[in-house]
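2 protein chains.
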Amino acid sequence: MTDLELVRDLSEEQLLARFVPLLPTAASTIVGPGDDAAVVSAPDGRFVVSTDVLVEDRHFIRAWSTGYDVGWRAAMQNLADCAAMGSRATSLVVSLVIPGDLEVSWVTDLARGLADACGAHGAAVVGGDLSGGQMIVVAVTVHGDLAGRPPVLRSGAQPGDTVALAGVLGRSAAGLALLGAAVADPDPTLVAAFLRPDPPLEAGVRAGVAGASAMLDISDGLLRDAGRIARASGVTIDLLDPADSVPGDLAALSEAAGRLGIDPLTWVLTGGEDHGMLATFPAGVELPAGFRVIGSVRELGASSTARVTVAGAEPPVTGPGWDHFAG
Amino acid sequence: MTDLELVRDLSEEQLLARFVPLLPTAASTIVGPGDDAAVVSAPDGRFVVSTDVLVEDRHFIRAWSTGYDVGWRAAMQNLADCAAMGSRATSLVVSLVIPGDLEVSWVTDLARGLADACGAHGAAVVGGDLSGGQMIVVAVTVHGDLAGRPPVLRSGAQPGDTVALAGVLGRSAAGLALLGAAVADPDPTLVAAFLRPDPPLEAGVRAGVAGASAMLDISDGLLRDAGRIARASGVTIDLLDPADSVPGDLAALSEAAGRLGIDPLTWVLTGGEDHGMLATFPAGVELPAGFRVIGSVRELGASSTARVTVAGAEPPVTGPGWDHFAG
Chain A
1 MTDLELVRDL SEEQLLARFV PLLPTAASTI VGPGDDAAVV SAPDGRFVVS TDVLVEDRHF
61 IRAWSTGYDV GWRAAMQNLA DCAAMGSRAT SLVVSLVIPG DLEVSWVTDL ARGLADACGA
121 HGAAVVGGDL SGGQMIVVAV TVHGDLAGRP PVLRSGAQPG DTVALAGVLG RSAAGLALLG
181 AAVADPDPTL VAAFLRPDPP LEAGVRAGVA GASAMLDISD GLLRDAGRIA RASGVTIDLL
241 DPADSVPGDL AALSEAAGRL GIDPLTWVLT GGEDHGMLAT FPAGVELPAG FRVIGSVREL
301 GASSTARVTV AGAEPPVTGP GWDHFAG
Chain B
1 MTDLELVRDL SEEQLLARFV PLLPTAASTI VGPGDDAAVV SAPDGRFVVS TDVLVEDRHF
61 IRAWSTGYDV GWRAAMQNLA DCAAMGSRAT SLVVSLVIPG DLEVSWVTDL ARGLADACGA
121 HGAAVVGGDL SGGQMIVVAV TVHGDLAGRP PVLRSGAQPG DTVALAGVLG RSAAGLALLG
181 AAVADPDPTL VAAFLRPDPP LEAGVRAGVA GASAMLDISD GLLRDAGRIA RASGVTIDLL
241 DPADSVPGDL AALSEAAGRL GIDPLTWVLT GGEDHGMLAT FPAGVELPAG FRVIGSVREL
301 GASSTARVTV AGAEPPVTGP GWDHFAG
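Protein chains in written order, with the UniProt record's numbering: chain A, 1 to 327; chain B, 1 to 327.
In case anyone wonders, no lab produced these hints; they're calculated from the structure. Note that this is a predicted model, so its numbers are computed, not measured. Just so you know, nobody snuck in bad clues.
A partial selection of chain A residues facing chain B, derived with a Cβ cut-off under 8 Å:
(1) 45
(2) 53
(3) 55
(4) 58
(5) 126
(6) 129
Note that CB positions come from ideal geometry on N, CA and C, so glycine has one too.
With the hints as constraints, model all of the structure from the sequences given.
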């Protein structure tokens, strides 16, 4: 048995000396890590900001996710929020809570995961905070640049708009289900979709440039997140039959669904955390690369209740709706 | 016994519906909470950003700190980082991890503490994230505006500069020690200094306007934080004898120090978390309101090692140096 180096074997300063050099840098950083605060360029006089937290035993378990996976996912779910406003990420700050008995290599792997997720998109980690604690918590805040464009909100969808999607549906949920069922040889594409989601961030920026009327990233499932646009905009969102609009997503899930005895439509309509970009575009706008039509925006129906339909009818499945506290 | 309403009795949406309306707002917010991200004004084309985390049983315990106290302190330690760059805070985002058996009133009290700490300084809470978890974690990211000025870094102190302080020394440490010793009728001023520090944020902004050459907020004790400026700037920082420079701080601690058998000088020189502004000013600059002279910047000595002296000699006490992981 090798001697594992643990977090409690190092001083905070020593740990930071290992961690900080691994973090990604970017030209938008005016003052980077090491002072009381960082300073970041915001060329158009505004910045986009969002924060998301990952908690051990709630969002991940160490048996399935490496430090690299957790760093990647923590960055990516934040980068997706930035992209869903139509902005390009410039910078992140990371608050990290770690137990003393965690391996140091887990922490440096986390930095590498952060770096690889951010680096491809030109975003830097410009600051952070480190604390001990009983469980791992990774709280990331991301900042984005809109390059002079208006932000794409959830509230701008209009009747007659096209509903379009960039990215995949249901794969992260399927990967999680495969890990949970401990099946032999789970589909590695699906498991990776859960552990290291890779949403089409540039498509979000392109949607902003093209003039998307509303957008969000799908973190809680297509039905639930489409419902958020519907409510914020005061419209009905009618999705096409997924068998017609997203046959590839259904096909990608079919083997795993068969093994677990699950209807793949459930994953496609209610599976979260793929972080695809769900957007609406005014009629006549050419869809940016990466987007495909999956529905249309309609007036509120007779009930005047914002809702989501599938092929004009009640959705064929309903999701549990993720809730962090429900008993 | 009354029926306490617990976090797990509410859905996430219900909890947010109680929490979000309590948060402070500000004119700098272009898009506030409720979308994938917020949008904040950054009029000079840059923003200052810092993040700090508070962890239950590490930075606070529920027996001593109310939700209000924790919200106040989480905001204030971040606001102090912003001020220590010479910037004025515009906006915060908050990631909150809470156990299901926490009282809902604790969470709404936290929002009120955040609001009261921010509100007086014109900063808004523009977004956040909420998750369950075994222990409470409050991760705050703050953003500040420099109004066109250069940021005040730790690295700009020059031999001949004046070392000055705005704010108090040692009171938070004394308050913590009184709580830890469970003494009867502890000095309420000292206890409040620990539970709800109230650093002179505007003095930080004034220091930036006046042309401070270096600055930080004292989070780990005067000696340790002065050492950070010394190292970053490559200088010696020579502090005056505290009996001459900060007699009021020593006097404010004397009763508590007597009760606990501690030299008040230890708290003054090594007590952290008062978040006073420690700054250096070029000779001839008139000190901004709130600052008093506590030392001077000198060339590196013969050893060429950046260090802190007191009245030209080794400091009379040394602190333990806070470390989150040391066994």
